[in-house]
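Chains H and F supply the protein sequences, listed in that same order. Residue 509 is where the first sequence starts when you use this note's numbering, and the numbers rise one by one after that. Residue 207 is where the second sequence starts when you use this note's numbering, and the numbers rise one by one after that.
Just so you know, the hints here were simulated from the structure itself, not pulled from any lab data. As the structure is a prediction and not an experimental result, all values here were calculated from the model. Glycine included, C-beta positions come from ideal geometry on N, C-alpha and C. Be aware that a few hints might be false.
Stated by the list, open to error - Derived list of chain H stretches under chain F, where covered just means 3 residues or more per stretch with a C-beta under 8 Å from a C-beta of chain F:
#1 589-603
#2 671-677
#3 785-795
#4 885-894
To be verified - Some, not all, of what chain H presents toward chain F, calculated at C-beta under 10 Å:
#5 Arg703
#6 Val705
#7 Ala706
#8 Tyr715
#9 Asp827
#10 Pro903
#11 Leu910
#12 Leu911
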Amino acid sequence: MRVHALTDLDAPVTEGDGFEAPFPDRTFARVLAGLPLDDLLALAHGAEPSAVGRALAREPSRRTMADVAALLSPAATERLEDLAAASRALTLSRFGRTMHLYAPLYLSNECLTTCGYCGFAKDLPVVRKTLTEQETLAEARHLVARGYRSLLLLTGEHQRLTGVPFLERHVRLLAPEVPSIALEVQVWTEAQYRRLVAAGCEGVVIYQETYDPERYLQVHLAGKKRDYRFRLLGPERAARAGARRVGIGALLGLHDDWRFEALAAAAHARHLMTTYWRTQVTVSVPRLRPSASGFQPRVEVGDRDLVQLVCALRLSLPDAGLVLSTREPAGLRDGLHRIGITHTSAGSHTEPGGYEHPGEAEGQFEIADHRPPAEVAASLRAMGYDPVWEDPSTPAGIERGLLPASRA
Amino acid sequence: MSASMDPLVIAGRSFSSRLIAGTGKFGSFDVMRRALEASGTEMVTVALRRVDLDATGGPDILRFIDPERYLLLPNTSGAVDAEEAVRLARLARAADMPPWVKLEVTPEPRYLLPDAVETLKAAETLVADGFTVLPYINADPILAKRLEEAGCATVMPLGSWIGSNKGLRTADAVGIIIEQAEVPVVVDAGLGAPSHAAACMEMGADAVLVNTAIAVAEDPPAMAGAFALGVDAGRRAFLAGRAAARDEAEASSPLTGFLDRLATSQSDPAVTEP
Numbered sequence: 509m510r511v512h513a514l515t516d517l518d519a520p521v522t523e524g525d526g527f528e529a530p531f532p533d534r535t536f537a538r539v540l541a542g543l544p545l546d547d548l549l550a551l552a553h554g555a556e557p558s559a560v561g562r563a564l565a566r567e568p569s570r571r572t573m574a575d576v577a578a579l580l581s582p583a584a585t586e587r588l589e590d591l592a593a594a595s596r597a598l599t600l601s602r603f604g605r606t607m608h609l610y611a612p613l614y615l616s617n618e619c620l621t622t623c624g625y626c627g628f629a630k631d632l633p634v635v636r637k638t639l640t641e642q643e644t645l646a647e648a649r650h651l652v653a654r655g656y657r658s659l660l661l662l663t664g665e666h667q668r669l670t671g672v673p674f675l676e677r678h679v680r681l682l683a684p685e686v687p688s689i690a691l692e693v694q695v696w697t698e699a700q701y702r703r704l705v706a707a708g709c710e711g712v713v714i715y716q717e718t719y720d721p722e723r724y725l726q727v728h729l730a731g732k733k734r735d736y737r738f739r740l741l742g743p744e745r746a747a748r749a750g751a752r753r754v755g756i757g758a759l760l761g762l763h764d765d766w767r768f769e770a771l772a773a774a775a776h777a778r779h780l781m782t783t784y785w786r787t788q789v790t791v792s793v794p795r796l797r798p799s800a801s802g803f804q805p806r807v808e809v810g811d812r813d814l815v816q817l818v819c820a821l822r823l824s825l826p827d828a829g830l831v832l833s834t835r836e837p838a839g840l841r842d843g844l845h846r847i848g849i850t851h852t853s854a855g856s857h858t859e860p861g862g863y864e865h866p867g868e869a870e871g872q873f874e875i876a877d878h879r880p881p882a883e884v885a886a887s888l889r890a891m892g893y894d895p896v897w898e899d900p901s902t903p904a905g906i907e908r909g910l911l912p913a914s915r916a
Numbered sequence: 207m208s209a210s211m212d213p214l215v216i217a218g219r220s221f222s223s224r225l226i227a228g229t230g231k232f233g234s235f236d237v238m239r240r241a242l243e244a245s246g247t248e249m250v251t252v253a254l255r256r257v258d259l260d261a262t263g264g265p266d267i268l269r270f271i272d273p274e275r276y277l278l279l280p281n282t283s284g285a286v287d288a289e290e291a292v293r294l295a296r297l298a299r300a301a302d303m304p305p306w307v308k309l310e311v312t313p314e315p316r317y318l319l320p321d322a323v324e325t326l327k328a329a330e331t332l333v334a335d336g337f338t339v340l341p342y343i344n345a346d347p348i349l350a351k352r353l354e355e356a357g358c359a360t361v362m363p364l365g366s367w368i369g370s371n372k373g374l375r376t377a378d379a380v381g382i383i384i385e386q387a388e389v390p391v392v393v394d395a396g397l398g399a400p401s402h403a404a405a406c407m408e409m410g411a412d413a414v415l416v417n418t419a420i421a422v423a424e425d426p427p428a429m430a431g432a433f434a435l436g437v438d439a440g441r442r443a444f445l446a447g448r449a450a451a452r453d454e455a456e457a458s459s460p461l462t463g464f465l466d467r468l469a470t471s472q473s474d475p476a477v478t479e480p
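Working from the sequences, and respecting the hints, build out all of it.
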């Protein structure tokens, strides 16, 4: 079903939504359709300073969506230092002085979808590559030698080349050596996610890109990814299939109003946390980066905006992991690490095979923080944070830390 | 009474400190090591999920915990059901850790509250398997008795949820657990200040476990020392027999004094009413 407006999302769940029976009756599609967005957006753009004060004073677990909107408002920008202090205190009490490190590992840039902003888009004349199993192992071992124990495997959207059998094979290949494996790939049905979880996949990351259905259709020009609703329900299919971690996010810069995206993402995270209470939820805050697509963001999401967004997400989602990638430059990342981020990457390559053979294939986007992982870890230590490489959430992952190959 | 004359005994092993320390959330392993030293603890719990014997990004946590000085208490943090918890405990033993386990079965990642049903199941299996089991539980007096019957070495009810620093919000239920327990009661989780630890000890808890409040303090070693003093003060108060608090002043002429007078008049009919 093509979704043109949020109200279209109120339709009941059908087989086409990819769930296994019994279908859930309350999905995020329905929640989003029912969200009083007009009121929330009015607040997000015009809250009074007193509303910001009330939102800040509220016990974190009691903050309402109206509080989230107030914290996103221009009036809250005026109190950015207060927001940051509250966000830091909450992050410290919930996550301690620790920062989880992960690395993206691109397995393929083959793609049958045309996303207007992506360097992997189908019709772009770029160097394509899909890693063989040997190449994947070599890339993973390169990262493990640098400390990483948590890898995020990524591909473009190619049903035949990088479908479920391909992913299953690569997850099983890495599982004996990598304690924690997550996937950021095309979206699947619940049954397909179940297969990937059984293969050893601990987490699933799905950015909605934009929560605005109309804008979504404008930037996703062709391919399976045009189905807004199927993607929107992806995180809950993964959670139902037993993924321990589910990551969401909007690609900031696609939509004119980052505050809208933030409200929708916060509501999405809250829905997932209450409905799928066993699942750890993370939220990413990626800003659009230059890529081979040549795509120009319609609006610039500024550095202050990004800081406010991180604070508002933390203050309204005290228990969510907040994820930052190397899209952002070093100075900004160091600052955000102290405010609310809990998961960060370092020394990333976005081209398949790029750790062992940099630059031989096209990357998804340009990274901005080029510091190697050891340097980012040293910077974290200097700020009083323990870089956490190892923190798997499955017994199989924990086993790899306790009984490494050399001892087994 | 000095600590050496009043040891904490768990499963036949004596500990001179009644403060058990956690090892999560510290800004560095070195700060953690100094905080452990300052706490005077003799029992240190480590999340198996954080152990990486082949670490390449930095040294493994176990290198910072002296096994001569502390009993290493592996915990099953991350286990979401009994089966996973049992598997993790067995892995720890296979990795040459002590056959002691702090049993944590926490199926949701936000408040990390313990699953009573799965905890009891895991405890039964692990006790049968020869482990010394210290289960983390909600402050549920019946569950505490069930775990005791299952052969657990302690029960560890929470004061409030992990990392909350809210203190002993479960005081009434913990009081019943202490009253009924025949194994040591360790208040675990949620203690945010030395005064919280002291309050637990004053009411008769045998020990407390503290992690976040120490790890996240501005000066973790100093806070660890403060907790040691809080635990000691509370224990001394308990042993000294704290006078019960009263809500009202005592009536100066007892309300039931007439009963004595009645008794006297019944035994001596010659005495007349005043």
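Verification of the hints:
1. With 4 residues having a Cβ less than 8 Å from any Cβ of chain F, the stretch 589-603 of chain H passes the three-residue criterion, so the hint holds.
2. Counting residues of the stretch 671-677 of chain H whose CB lies closer than 8 Å to any CB of chain F gives 0, so the stated coverage by that chain is violated, three being the minimum.
3. With 4 residues having a beta carbon nearer than 8 Å to a beta carbon of chain F, the stretch 785-795 of chain H meets the requirement of three or more and the stated coverage holds.
4. Taking a C-beta to C-beta cut-off of 8 Å, the stretch 885-894 of chain H contributes 5 residues in contact with chain F, enough for the three needed, and the coverage statement holds.
5. The beta carbon of H:Arg703 is not positioned within 10 Å of any beta carbon in chain F (closest approach about 20 Å), and the interface hint is therefore violated.
6. Taken as an interface hint, H:Val705 does not check out: its beta carbon lies about 13 Å from the nearest beta carbon of chain F, beyond 10 Å.
7. Hint status for H:Ala706: violated, given a least beta-carbon distance of 15 Å to chain F, over 10 Å.
8. This hint is violated: H:Tyr715 has a C-beta 21 Å from the nearest C-beta of chain F, more than the 10 Å allowed.
9. Using the Cβ-Cβ criterion of 10 Å, the hint placing H:Asp827 at the interface with chain F is satisfied: the shortest such distance is roughly 4 Å.
10. The interface hint given for H:Pro903 is met, as the beta carbon of that residue sits about 5 Å from the closest beta carbon of chain F, less than 10 Å.
11. The beta carbon of H:Leu910 is positioned within 10 Å of a beta carbon in chain F (closest approach about 4 Å), and the interface hint is therefore held.
12. This hint holds: H:Leu911 has a C-beta 6 Å from the nearest C-beta of chain F, less than the 10 Å allowed.
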